[in-house]
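S.K.: Here is how the chains run, residue by residue.
Protein chains: 8
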Amino acid sequence: MSPKELLEKYKNGEISLTEALEKFPDRGIEEMGFATIDTDRLSRTGLPEVIYASGKTVEQVKQIALRMVEKGIDLLATRATPAMFEAIQEVVPDAHYNELAQTITYKHHETEVPATYIAVVAAGTSDLPVAEEAVETAQFLGNRVEKIYDVGVAGIHRLFHRLDVIRRARVIIVVAGMEGALASVVGGLVDKPVIGVPTSIGYGANFEGLSALLSMLNSCASGVSVVNIDNGFGAACQASLINKLT
Amino acid sequence: MSPKELLEKYKNGEISLTEALEKFPDRGIEEMGFATIDTDRLSRTGLPEVIYASGKTVEQVKQIALRMVEKGIDLLATRATPAMFEAIQEVVPDAHYNELAQTITYKHHETEVPATYIAVVAAGTSDLPVAEEAVETAQFLGNRVEKIYDVGVAGIHRLFHRLDVIRRARVIIVVAGMEGALASVVGGLVDKPVIGVPTSIGYGANFEGLSALLSMLNSCASGVSVVNIDNGFGAACQASLINKLT
Amino acid sequence: MSPKELLEKYKNGEISLTEALEKFPDRGIEEMGFATIDTDRLSRTGLPEVIYASGKTVEQVKQIALRMVEKGIDLLATRATPAMFEAIQEVVPDAHYNELAQTITYKHHETEVPATYIAVVAAGTSDLPVAEEAVETAQFLGNRVEKIYDVGVAGIHRLFHRLDVIRRARVIIVVAGMEGALASVVGGLVDKPVIGVPTSIGYGANFEGLSALLSMLNSCASGVSVVNIDNGFGAACQASLINKLT
Amino acid sequence: MSPKELLEKYKNGEISLTEALEKFPDRGIEEMGFATIDTDRLSRTGLPEVIYASGKTVEQVKQIALRMVEKGIDLLATRATPAMFEAIQEVVPDAHYNELAQTITYKHHETEVPATYIAVVAAGTSDLPVAEEAVETAQFLGNRVEKIYDVGVAGIHRLFHRLDVIRRARVIIVVAGMEGALASVVGGLVDKPVIGVPTSIGYGANFEGLSALLSMLNSCASGVSVVNIDNGFGAACQASLINKLT
Amino acid sequence: MSPKELLEKYKNGEISLTEALEKFPDRGIEEMGFATIDTDRLSRTGLPEVIYASGKTVEQVKQIALRMVEKGIDLLATRATPAMFEAIQEVVPDAHYNELAQTITYKHHETEVPATYIAVVAAGTSDLPVAEEAVETAQFLGNRVEKIYDVGVAGIHRLFHRLDVIRRARVIIVVAGMEGALASVVGGLVDKPVIGVPTSIGYGANFEGLSALLSMLNSCASGVSVVNIDNGFGAACQASLINKLT
Amino acid sequence: MSPKELLEKYKNGEISLTEALEKFPDRGIEEMGFATIDTDRLSRTGLPEVIYASGKTVEQVKQIALRMVEKGIDLLATRATPAMFEAIQEVVPDAHYNELAQTITYKHHETEVPATYIAVVAAGTSDLPVAEEAVETAQFLGNRVEKIYDVGVAGIHRLFHRLDVIRRARVIIVVAGMEGALASVVGGLVDKPVIGVPTSIGYGANFEGLSALLSMLNSCASGVSVVNIDNGFGAACQASLINKLT
Amino acid sequence: MSPKELLEKYKNGEISLTEALEKFPDRGIEEMGFATIDTDRLSRTGLPEVIYASGKTVEQVKQIALRMVEKGIDLLATRATPAMFEAIQEVVPDAHYNELAQTITYKHHETEVPATYIAVVAAGTSDLPVAEEAVETAQFLGNRVEKIYDVGVAGIHRLFHRLDVIRRARVIIVVAGMEGALASVVGGLVDKPVIGVPTSIGYGANFEGLSALLSMLNSCASGVSVVNIDNGFGAACQASLINKLT
Amino acid sequence: MSPKELLEKYKNGEISLTEALEKFPDRGIEEMGFATIDTDRLSRTGLPEVIYASGKTVEQVKQIALRMVEKGIDLLATRATPAMFEAIQEVVPDAHYNELAQTITYKHHETEVPATYIAVVAAGTSDLPVAEEAVETAQFLGNRVEKIYDVGVAGIHRLFHRLDVIRRARVIIVVAGMEGALASVVGGLVDKPVIGVPTSIGYGANFEGLSALLSMLNSCASGVSVVNIDNGFGAACQASLINKLT
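Residue numbers (this note's numbering), protein chains in the order written: chain A, 1 to 246; chain B, 1 to 246; chain C, 1 to 246; chain D, 1 to 246; chain E, 1 to 246; chain F, 1 to 246; chain G, 1 to 246; chain H, 1 to 246.
Check the hints yourself; a few may be wrong.
[As the list claims (entries may be wrong)] Simulated restraints, written as ranges between beta carbons of each label pair:
| # | chain 1 | residue 1 | chain 2 | residue 2 | range |
| --- | --- | --- | --- | --- | --- |
| 1 | A | Glu146 | D | His96 | 53 to 59 Å |
| 2 | D | Ser54 | H | Thr116 | 35 to 41 Å |
| 3 | E | Arg168 | F | Glu5 | 45 to 51 Å |
Think of the hints as simulated: they come from the structure by calculation, not from any bench.
For every residue, glycine included, the Cβ atom is placed at its ideal position computed from N, Cα and C.
Assemble the whole structure, with the sequences as input and the hints as a guide.
M.R.: Right, dumping it as structure tokens:
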């Protein structure tokens, strides 16, 4: 059956929905057996296919990276180990590794960046691995970033001191562990969307980030949304979509 | 000490940070003893002071509402009971009640709305109280809204059928209980920011919304952030900030 | 654009995936504003559209029921209150209510049932509401059912006494609260698929079914799978799919 | 065996520890069968015996209250219902009921109060029942109290406005629900001990106070300790001990 | 196949284990359709069949009670409502109801009781419903009981005062809510088995008994075991087995 | 007493149930002191005795494997380390190790396989260890398997592309971490039983698989059941029982 | 003040309870600065002082062991590493180490053992470390033990086969991981007290023993109590107290 | 705009709150890019800036320590590894490391200490790392400390023996794992504020300190507050504030 007839038959009730979907023309897919690269993702969602390296073998990461670069897709691998970086360097010599952020990046061409920027605000120095993942991701996606680090609420004047650069951002990412109060305080002082990233930093009843996660979800400031614990990548993705809205 | 000298002295180290903050001039506050209305909130955060009625007495809600209206602040009360609405009607006769959403609203003047709109997508009919809270809030904040209801992934063609109106939105709120998969599916099909609202709808191991909350936080689609369980209000607040970005 | 050209253009890369899906022909959907009935579900998944009444208003349930019956779809509503049944009776006089199971059913025609049967095994009398939901659902879906009730492991000879009827089933649903051990014991004695339904019955550290849920998920017997707490409906759905396999 | 010989024998190893404790002279106890009043508590711990009314019958609360008053002990009952107050009024006509705080109090004589005071800071109006329990308890224990209500971090200037009265306290109780960030912010601005009381106020993922509890336990400000969710009573007890330190 | 041949065939491998169990002779079972009474339980386990009334309808409880009494089985129903008691009284006029304990009992003949006794120690008056369930159950099972109530560790001299009667017991049940410390303290002072019963009494982070449950499970005193939250019945069952050991 | 008389006496009430069970003839057991091999399991449950290697010493695994092979039982060890494989190879030289799946297998003879197949669908490459455990187990149990890997919902056209091979299966295993939405989406598109396997893959609030587990348990698609987190083995067991139903 | 006068003064109200306790004569204590050995424990509680080695340094364990042996106290250290054993051997050459159980023991003299025995029943080979800790402890405390290993409910005939030796015990310890159903099944077949020990053995949703713990706490068999996860030591302590009751 | 005009304009409504805060004069901050030292903290809160070393790199800790010492701030680093100490020694040769407490300290000058002292009471030897963190912190902050170690409630006479030194303290820190009962027992015997520190010491259902945390939060003794699990540092901070109250 030619693609032409497919939807026509479905409309007439001659074939079922699942049969119609089964026959959906194959495009925007790169089959690798153990992986199925979504080559259509950037045009569809504004965010490209990315390698989440955790749980994958070094060889799998290397092969996926190579295939993506060959297909002209820019490369971002998160949660990547030094061993993965070494393996990728063999096939993508110009790839870059940020050890703190655990990210590997490679871009075919530099892209134009909007005039507006994303502010990445971190409560403490211990939160920097997550903040840097956000920064690397946001820059990879073609955004300008301003970093405001170690301005937690225990010394709130540190925040006032940088409030101007935070408020001029188009969208703000707040990275905080422990009680995560920084997201609420920032949310109550700015008129821009705030995306909270709880981190797993803290003593015992932090429960690996649960305390900061619940704090941010329960923020008394109204314009705050939240992504997963330690997920600097996800926060940067949404921030990039917002920063590029026209 | 006059306000003029305050910061000067702080800068010179003659007074401490806390002393400086103590002397901060009083503005943007309406004292009521049991409540302290933040009259500056709209200009500061782009979102007005709102009454979260849960846990307050009928009399408290009525008094706060009256004072806000007297001060020229538009009125939005969430989680409001019919008894609260009756009490407010005595002093604000033109207030409006949405029973499904449990919201009371009153606006002094209609505000101009942007040309772009917010899509509110709900997985099932049981999720409508939360979806309607989002709709009421978004409209109150001066946004156009499109509703797309009962398009959960168990019958995914229902979603395709409405995909065009979802994709043309500037920002999308996805309301879903049970396993909350709709947020991921929508997130994988659009290039706009998606804000997930998990609801407490579902059988036992839903644990009052925990399943949908964790699902959305773990979304494999990258552009998704999340607000608190059943918090249609919070989602609409962030969506409004995004929708009004220029 | 006519449906004919749609997929063709997608295949050629002239339109994107999301544009193709947007144009997907509309079929198998009944729009009601607050609800979107999936009229295609039975033919697609072998299981019909069903009303999960919890969280819906009486009026919503009544309207959806009426529309479904008008469209020739058999009616099953779960978690339905007596008030919902009364409302439905006004428009579907021959509907049937099982108070223990909280189900409302109406079938246009009796369907042929397979020769094989589903065994529904319940550990205690307190588990009957869930067991009966499973029984009602399984019968509604066109299956024969055998009930084996109150045979928990505290008196294991009660189970031996009924073991023959359990073993001759094609698929077995085990409903149990408290420690849910019955699923493992049955799973170790039969060569048929066992579907466990944990119930919320029990003292304090039952935590509303969590103990039985975790028990069944950790069953040392290998052929056991699990559905949600108190979800007799879901167990019956999968059991019906299995019972009807040819 | 006379009390004289008891410890002597224990010291010589003639009787065991448990035997020695068994023979411990009976004092400071008022036996009521269903209750054993600790009449020694005030002199021993600085805090008197108090009736925690939750889980007790009206008759039990009444009988304990009567016996305490007869024995010259001042009366404080927490979590007391109006029905309990009515029952107590029959036997202690001058008892006082605070409906918001759910406390019943009666003092035989007014006690001298220290010059210093306890500040009770509440984040929102919905937190008042807990804050008022703290206020009633602190006053009952013979302390001056200053109330600072509805100064949550979403409008942080409200806190600055009252910072002077907070900082001049000898000890500070911070009552907050939702994300409980107020405890950290106050803790970072004062040089006095801060006792956090998380409340069960909030949307879904508040999980009945868990979010505020974890927040306060993880406070990045160092001088903060925490009592149980909604436990205004316990916070006031510790604050009173601190306020009375000489 | 006659029972004679059954095991013989199994031993020879002519029939399988499940077939052998299927043919297991029917005895010690009373079939009621919705219930299967285990009439053999007392002789097998030393503990009779008991009605756990929670989750059963009034009619179900009444019918099971009637059948048990008719069959000469003594009657104990736990978690029974007044309505259940009224229904049972119609058919078992001499049944007894303990409202605090929520137990219904009826014994055909009084049984001989051992000379030794079970001590039931309760931390607070609010724990009495659970303590009384233990007392009623223990007495029903034919044991002498000594009650020691309201001796929690906040006033530890109350415990010393009753230590002799606790230590002379053969086995000790400790009922406590809140932090459940009483079990550890008693366990460190006696040389008899201690069974802890955590109760759901307490403020917020008690989480319906979780705090006391975890406390008792983690008791630093070595001879302590634990039963479910609020399960006075279960504690009395094990205590009775121990008290009757010869 | 000869086996012949045993059940007869039980039937007549001369011996108790437990005495009858005590005398149950010994068959289908292989005693090893530290292990008791269930040699009857395959004929009784359709699934053979399997070694769950986790928590066992290398020597224990080796000895059990040897004894099983000697007794003619096919060998499957799950969660087996390379060291365990080396030890087994010494005594079962032809054993096979799948490093990704962590399984050791050895079959005495190839068994006939049904014409129908099991589809194993995995959401991401990181889920492959679990998917491969399912594949190895299913093949060991004598089933044909089709693998469909890396088709998560973030790029749903990848699923459409393979929908035909999924729908033609007799039973479908869906392996997914993160939010586990794939189980619901597949469940809504097929008319075959779907068994979900949540994996522990994901960022922080995945909580080692809890998010995917709750998602799948709360699936809005009705024909989905679930096994334990990362339990590819258990899913394959139930799938095999279903695939072999006649 | 001489001990003679102490209690007299307390009785007369001249000194407070705390003052009386402060002056309590010092006996049964061995001070070591970092440790305070309770030399009175055996005579008081029937169970001796024991070293819980986890969380202590090798040197601390060695010093406490030496001091105990010097004072004539028998030595039991649980959760002890091989390094701890080596250190102890230097000062207590005849100490014994059980590697599986992780226990170090040394007895000055063999003690008489009762004629009755404790049965230790383990569900699987992976549970043996915990079972062996129970066995070692019970024997150290002067009890005979019978081991019944690997008789989990997935092959229930293995249990029947050993039921006689289980039933003849005076008290039964059941060690099981995964769903812990064995405790309920045994509890329903014997008339002796059963102490359940949940283990942390199992796949993902075992949550480090939580599933087995909740299972056993919710046992539908009435004579079952529970100790902490993996706490073979505690179960043996209570079993020993029961076994030695006269 | 000069600082002089800033607050004046805010008061007149010419600039917003956030603009006023933005212009807040910069003081009490030491910018390091990856860290922002709060040099004002000691004078503002009575507690100095401290390095929480967990989650920071060795180089970051070293640089922050160096900068603090250069600025004349006394140095306390908690959760510091030996490698961090070695790095700091290169630049602060006189720094001191307490290996058990994992603290690094350096003071420019000895400070005067109050006459009163803080009692640090630990339940067991395994709790010493946390107790020592409290001791080191309290001494660093300029307090006298008395240590009372290994006096858990399983041998309560050990506590009586040291009760006098505990009662004479001005404030008491109680460090306990397992069931944490020691906090309640001490709280019931003294008239000073008690700060509980739950530790993560214990068997399985301790859940990394959760049992002790919940215990202490639910203490039946009224004057007890709690800090985070294993947070000896935080307890010492609050104790120091209390000890220094005049």
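S.K.: Would you mind marking each hint as holding or not holding in the structure?
M.R.: Cross-check of the supplied hints:
{"no.": "1", "hint": "A:Glu146 <-> D:His96: 53 to 59 Å", "verdict": "holds, 57 Å"}
{"no.": "2", "hint": "D:Ser54 <-> H:Thr116: 35 to 41 Å", "verdict": "holds, 37 Å"}
{"no.": "3", "hint": "E:Arg168 <-> F:Glu5: 45 to 51 Å", "verdict": "holds, 48 Å"}
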